[in-house]
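Okay, here's what each chain looks like letter by letter:
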Amino acid sequence: MSLRSRRYSNLYKDSVSLMTVSAKVAATRGVEQASVVMATPANVENLARAGLGEYEARANDLLVAVSGSEDACEEALHLADGLLSAKAAAGGGGEAAADEPLTSIQMAVARDPSLNLALISVPGAYAAAEAMKALRLGMDVMLFSDNVPVERELALKLYARERDLMVMGPDCGTAIVGGVPLGFANAVRRGAIGVVGASGTGTQEVTARIHQLGQGISHALGTGGHDLSAKIGGISMLHGLAALDADPATKVIVLVSKPPAPEVAERVLAAAGRSAKPVVVIFLGADPASIKGEGVYGARTLAEAADIAVGLVKGGEVRAAPIALLGEVQRTLDGLARGMTASQRFVRGVFSGGTFCYEAQLVHVAAGIRAYSNTPTDGNLQLKDSAKSQQNTIIDMGDDEFTRGRPHPMIDPTQRNARIGQEIADPETAVVLFDVVLGYGASAEPTAGLIGVVGAARAQAKAAGRQVALVAHVCGTDLDPQNRAGVLAALKSAGVLVASSNAEAAAWSAAIVAARSGAGR
Amino acid sequence: MKALLGRDLEVVNVGLEGFAADIRAAGGHATHLSWAPPAGGDSALGWTLAGMIGDRRIEEANCKAYDRYLAAQPRLVDLMLARDAIPALGEGKRRILHSGPPIPWEHMCGPQKGAIAGAILYEGWASDLDIAERLAASGAVALEPCHAHGAVGPMAGVISPSMPVWVVENATAGNRAFSNLNEGLGKVLRFGANSPDVLERLRWLGGEFFTALRAAIGAMKERDLKPLMAQALHMGDELHNRNAAASGLIFKRLALALIDCGLDSGVVRRALAFVAGNDHFFLNISMAACKSMSDAAHRVPFSSMVTAMTRNGVNFGIRLSGTGDQWFEAPANAVNGLYFPGFSVEDAAADLGDSAITETNGLGGFAMAASPAIVQFVGGTPADATANSRRMLAITLGANPAFTLPALNFAGTPAGIDARLVADSGVLPIINTGIAHKKAGVGQIGAGITTAPMACFADALAALAQTLAIQDKRPS
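Chains A and B supply the protein sequences, listed in that same order. One point on numbering: in the numbering used here, the residue at position 96 of the first sequence is 96, and numbering is uninterrupted. In the numbering used here, each residue carries its 1-based index in the second sequence increased by 1000.
One chain only, chain A, in its complex shape (with noise of 0.2 Å):
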């Protein structure tokens, strides 16, 4: 242990870059103490309680003092003295200071005016709150985040109606508005067709297929999937409605939705009915009879309405025919249920979008084929363990039990990967059917892991005999960021089949179940 010290004559430096100097040599390794002080009698004062040497007090002078072992008081002078000469202080402050982070909507606000839209992806315990903040700040608001109170939801859509600002969501995970895309979006052209709808999927479905068929996409609103209650009352959807009516880039209107609560169904129909734009109304499971009025189109499908939308777009026929398989399909199908086991009967759907899996519920339903799921339709059974299958199953992967800690199966399909895997493996599937989300948001290679998965599951089948039909849809368009043409041959060079729609997928595993079960008509 030893005691160093330095004095160096008639240097001034102000207390505070001292005190700097001195944390500096204190940090250095095997330093004890040290000060680096102007000899005040008070600071040499200090410098002798501190057991750190008596000094003369000159306060013109400056006294470095470190006590440890004897090279780490050598080393500690010799960076105090670096770090007291001229250069060192100069470049001390050379860096510029950083552009401060904006934590909050009105400091962003405060930088930029412009702004008029916030997107909010928050928990949703916040949600709400940021929501509110927006709509206070005059902009509109779209809400991905979920598990906002339907007190709040109904208070934002009020406050936001009275002053003719939209808030689409909570829950609206899709909408591109003016070309941009915001949440899960597919890269659709620009074009005539404006869609108002209240789930993601179903608007995914909806705007790629219209690109695919060669038509644009003006705006797409969602609303969340609260908005068609009774509580909420249509408030997002009626607005959305109104808006596109009221924009000239858009000619034909979509709304897309589960069956709404009846009254606020009979509300968005009369809106519709008095808009002057043609409107396709596409409520999954509803009666397309009862959607009726004045220029009002209804649906069965979400393909079918972006058919009919098309149609009405180009002024022609407005196609509304059943999915028919055509013979060439028929025939395969019809193949490759002829070679299955007398154990293998039922179908499995895996899916990651939940409107999806809704659909494909209500395809087999309609062809007399019941199912169980985790989210079932009317008609359909509650699975009772997710994790497991019984007999005809079709789940929603990205369902909150899923996901509740883990990334939803359209940013991360492993885990989803893995159960169409292990559906495959099953002596009872007779049909594995499922959904590949491209667009915005979603998985970067959505199908990278999934055909590893499928050609050690199918081989494994193929051992011990089995083959198992394979039916997907990609929903997507060729201006997506994944590549949708790859996507489409590995899926096809897996041996999967690829139908066009998500319903029309659906319907083709419906007839291999028909055919399996002896049950079709």
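A few of these clues could be false.
Under the rule of at most 20 Å between Cα atoms (straight-line distance), these lysine to any residue pairs were calculated in the SDA-like manner [unchecked claim]:
| id | chain 1 | residue 1 | chain 2 | residue 2 |
| --- | --- | --- | --- | --- |
| 1 | B | K1187 | A | A39 |
| 2 | A | K388 | A | V453 |
| 3 | B | K1438 | A | A50 |
None of these hints come from the bench; they were simulated from the model. Note that the coordinates shown come from a computational prediction; the quantities given were computed from them, not determined experimentally.
Once you have looked at the hints, place chain B on chain A.
For chain B alone, kept in the frame of chain A given last:
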């Protein structure tokens, strides 16, 4: 809505960062926030806060409060004995004022207890420290915050009836504010020292020095404090932890006036030597000036402007203009700082003193751009100093054109803290502060930078929301 579809979308993205990247990839514009749950994570209060943003009553009240703050013209009018200046300390009253929000004797920190006991001895209410402490504990001497009586004091902030106080008057509204004299560094009452030499200095300050300075102030020509403070900001002070320039400027004003008073040359010399020997001499005047400006903005119903921030060595407390004299308190945040030789964080008292009234007025930490040396307390750079001042603009109602910052191209200091902006952004007011030893009488052991705790602002907003809700229920 028509606007939504008719114009180019400018998105603020709150939450998943990937969404902003997607928008940009598609050719759109998005600003991504570094978001964290506001109001300290209290979801219910966050919803209440959302409803207060853009509230017309709050906006109007804040305009009024802020205008009064800007219009204030603090003027150094006198140096008086506290008993003559502050009614609560008037003749025959056994009352002592202390810094911070209200706190009973038994909960006070060491330095504050030491200073109060010293003040009781100084007043001659007790013959020794034991008796002094018993008097304080028994309630025989009333203990109340300076802020409750228009006063402020650094550190322990103790003001007793026989002490001289600076009298600063806001010439615009006529309100007065008071602060005690700065005793210098080392063993001083404001750090809880109460030994005979400390009391001896207080007696000299309350006697010969008081008489001389009072005469000088009477003869002083230039009494306006705003120009002096503005000048000091241009000379490297931030008027909280650094007052070297302002102390020099006030010395210049006092010196000639004092000489003109025709006092004994020894008295004049001792008085001037005391002022010249203390680089913090102006701090207490700065604080009184700030108090007079803040008080001008106080008690405007519904205003969310912060009119006081202060610490009692246990808790940090704030007041809002719109919630009157109610205090909102939370344990003080830790100080990020540097220590004098031989001391460390274990020796430190919790943050202490009324001097955060300077930050409340846009000085101190808010004016750090004026005083890059201060940022070195935490190993920062001049760039950090300007960044600190800039960041404070996010939580203030505006910038004070009377106090400009050369490093920010002569922009005004951020001033008028809006509690809503603090709670919403999570940006906490920066405070430059000295660090007191937790034991009475040891003195200052370091200095550094700290922040005001979020819980104060959250609680204050909850109380302000109640006043709004009460008005909502009233029949119009």
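Now the hints, each set against the structure:
1. B/K1187 to A/A39: holds, 19 Å
2. A/K388 to A/V453: holds, 18 Å
3. B/K1438 to A/A50: holds, 18 Å
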